[in-house]
Amino acid sequence: MPAGSDRLRALYGQMLRIRRAEEKVLELLLQNRLSSTMCHVSIGQEAVAVGVCDALGPDDYVSSTHRGHGHYLARGGPVVGLIAELMGREAGACRGRGGSMHLVDIAHGHLGSNAIVGGHIPIATGAALWAAVSGQPRVSVVFFGDGASTEGIFHECVNFAAVQGLPIVFVLENNQFAMSLPWSRSTLEPSIAVKAAAYGIAGVDVDGQDVMAVRAAAGVAVERARRGDGPTLLGAATYRFLGHSRADPSAYRDKLEEERWKQRDPIVLARRALAEAGVADEADLEAMETAIALELDAAVAEAEASPPATIEEAMTGMYATPIGGMR
Amino acid sequence: MSETPTRAGGAVALAIRSITYRDSIREALVEEMEDDPRVIILGEDVGRYGGAYAVSKGLLEQFGDRRVIDTTMAEAMIVGAALGAAAVGARPVAEIMYMDFITLVMDQLVNQAAKLHVMFGGQLSAPMVVRVQQGIGRGAGPQHSQSLEAWFAHVPGLKTVAPSTPADAKGLLKAAIRDDDPVLFIEHKQLYSRKGDAVGRDHVVPIGSADVKRPGRDVTVVTWSNMVYTALAAAERLATDGTDVEVIDMRTLAPLDMETVLTSCRRTGRVLVLHEACRTGGLGAEIAAQVGEELHGALRAPVRRLAAPDVALPANSALERALIPDEDATVEAVRSLLRS
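First to last, the sequence lines map onto chains R and W.
Just so we're aligned, residue 0 is where the first sequence starts under numbering that gives the first Met the number 0, counting upward by one.
Just so we're aligned, residue 0 is where the second sequence starts under numbering that gives the first Met the number 0, counting upward by one.
FYI, nobody ran anything at the bench for these hints, they're computed from the structure.
Note that the structure is a prediction, hence the values are computed from the model and not measured.
The beta carbon of each residue, even a glycine, is placed where N, CA and C say it ideally should be.
Watch out, some of these pointers could steer you wrong.
Claimed, not checked - Using C-beta positions, here's what the derived DEER-type ranges look like:
| no. | chain 1 | residue 1 | chain 2 | residue 2 | range |
| --- | --- | --- | --- | --- | --- |
| 1 | W | 72 | R | 106 | 31 to 39 Å |
| 2 | W | 337 | R | 323 | 27 to 35 Å |
| 3 | R | 228 | W | 56 | 28 to 36 Å |
| 4 | R | 245 | W | 299 | 57 to 65 Å |
| 5 | R | 313 | W | 153 | 16 to 24 Å |
| 6 | W | 57 | R | 219 | 37 to 45 Å |
What the hints assert, rightly or not - No more than 25 Å apart at the CA atoms, straight line, and that leaves these computed lysine to any residue pairs for SDA-like:
| no. | chain 1 | residue 1 | chain 2 | residue 2 |
| --- | --- | --- | --- | --- |
| 7 | R | 23 | R | 286 |
| 8 | W | 212 | R | 324 |
| 9 | W | 212 | R | 323 |
| 10 | R | 261 | R | 211 |
| 11 | W | 212 | R | 322 |
| 12 | W | 194 | W | 19 |
| 13 | W | 56 | R | 133 |
To be verified - Footprint (simulated), chain R over chain W, 3 or more residues, beta carbon under 8 Å:
| no. | segment |
| --- | --- |
| 14 | 99-112 |
| 15 | 171-183 |
Please model the entire structure based on the sequences and the hints provided.
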């Protein structure tokens, strides 16, 4: 495990890779090269995905949201799986069936991202339940947004996990807006730690733009879960730099607020810290950019070379064991 | 069949063990839990209480609280957690106490469990069972008596069964637990104390197979769950005036075993679909439509449906009985088919 500034360098590289991958996705979208126009990017929120996933072991589970490209890549999902999925190709993570909102990578313990706000929280809870029941030292981490935290299912799951002492970390990735509704209109109690206290579990509020702070808080939470000391509710304050989707110009947001958050771009902050620590010079960082650009170009080429998902395929695969006329 | 030797009149005879529907379901749970450590049970009051209808009585004592999990009151979480556990290696059996409560679980069943396998390109599957009971019988009122099976048969990705006999219940529950897809297992509150032939450990009823509960030449009655007994009683009465009714117990509602239905209807030319659920949009509409599409020219009478009216069920045992088709109504419906 890299310590200190070496870790920061690695995490910076991962954040940069996610940023560039999502910029590539938006470019492909504008060029009409994706199979769907439904696409939510996490630009501005990369530190949460990267900081949390870095704290996990290879056997741990991650469950994610409709804004889940970053979680998928941070967990080790292959970039061609992302690009090809969005292009509707067989080489996609879900063979072109799921699209932007349903990335999955079971080889890396990624149990899927979900298009129903909060709908995946019980699935992550169940993965933690089975880990506990079967005595496997696995931790289940679930990313969800501020919007999901006002859904009833959030309460059902946090409370049950608390009562059962399950090995799970609830990561409330608070990008300040449930689509257009600001956090101040979603809740009268902005602190996630205070909410956690009401469930009788550990809770922490962390600066979601500071990847090392997220990493540290996630490390504590994951180890708590692995020790058998129960769940943590981890609130990471972050910001979605772009609109909810391509169709959203964010007219409901204060432009000064947007500017203030953009001053706290997690990638810029990490880059500044790297320079201050003297562990990466301009040439290093440039080499990182180049390597990522090459990887993305290769992924796009590989995705485009993969056959498109077909209507015949869309007519099958509903069941693991089809019976009768089932497909 | 499980047969136990007994002594009768000095000779050894074979007597078939009798068992209730409730105990037969419990046998399936116990045997599958004994045979497969991946099988766990979770739900409200399934452990210490033994299940609201006493189906899981004794399981907590036998298997412990890691495998028989008393959950909080949180229906969507129960089914979602079963799904998550299933996705990573368990074979959970979740219990939702009343079909009416399943409305709280629709996202987890319809958007999550039914879609998991296909949506993730086959990377994940959901070998889980959701046990639920429905129907009238206790005057339990509009929020504890509904029959909502048609909703789930309408959702691709789910398998749905509704057995009527202790043997079918055990065999289908075993099949459901061993199946790699999510299965909704629908019990009926009036069936729990009904007795029937007991079956052994190896008795598995394949999902997707209907069963002819009574062979007959003149009219086919297609039904399931508790209405099977209404149909059989009506058939016995009709037999006394020479009408020979075939009763098909669908047992599985998704996928429908239409081959068995069509084979029978082709022969009889007269079809009644009978169910406890409301008429409009009930599963009878689908079965009637398929029979009509396939056998239009071969039928001797238009397909008939006999079902509950489109009203809420009152908390009144006499009124709920009056609203659900009974033996008299079934006899009359069959006779009207013979007249046309």
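Pair hint residue 212 of chain W and residue 324 of chain R, alpha-carbon separation not exceeding 25 Å: Since the Cα atoms of residue 212 of chain W and residue 324 of chain R sit roughly 23 Å apart, the hinted pair holds (cutoff 25 Å).
Outcome of range test on Cβ distance (residue 245 of chain R, residue 299 of chain W; 57 to 65 Å): For residue 299 of chain W against residue 245 of chain R, whose Cβ atoms are near 60 Å apart, the range 57 to 65 Å holds.
Cβ distance range 16 to 24 Å for residue 313 of chain R and residue 153 of chain W, holds or violated: Holds: the Cβ-Cβ distance is about 19 Å, inside 16 to 24 Å.
Range hint compliance [Cβ, residue 72 of chain W to residue 106 of chain R, 31 to 39 Å]: With Cβ atoms ~37 Å apart, the hint holds.
Cβ distance range 37 to 45 Å for residue 57 of chain W and residue 219 of chain R, holds or violated: The hinted range 37 to 45 Å holds for residue 57 of chain W and residue 219 of chain R, with Cβ atoms some 42 Å apart.
Within 8 Å of chain R (C-beta), three or more residues of the segment 171-183 of chain W: Holds, because 3 residues of the segment 171-183 of chain W bring their Cβ atoms closer than 8 Å to Cβ atoms of chain R.
Beta-carbon spacing of residue 337 of chain W to residue 323 of chain R - inside the hinted bounds 27 to 35 Å or not: 31 Å Cβ-Cβ, so the 27 to 35 Å window holds.
Cβ contact check, 8 Å cutoff: the segment 99-112 of chain W against chain R, three residues minimum: Our answer is that it holds, as 4 residues pass the Cβ test (under 8 Å) against chain R, meeting three.
25 Å limit on alpha-carbon distance, applied to hinted pair residue 212 of chain W and residue 323 of chain R: Between residue 212 of chain W and residue 323 of chain R the Cα gap is close to 21 Å, so the pair holds against 25 Å.
25 Å limit on alpha-carbon distance, applied to hinted pair residue 23 of chain R and residue 286 of chain R: Between residue 23 of chain R and residue 286 of chain R the Cα gap is close to 18 Å, so the pair holds against 25 Å.
Given pair status - residue 133 of chain R, residue 56 of chain W, alpha carbons within 25 Å: Given that 25 Å is the threshold and the Cα spacing comes to 23 Å, the pair holds.
Hint consistency between residue 212 of chain W and residue 322 of chain R [alpha-carbon to alpha-carbon, up to 25 Å]: holds, 22 Å
In the structure shown, no violation is registered for any of the earlier numbered hints.
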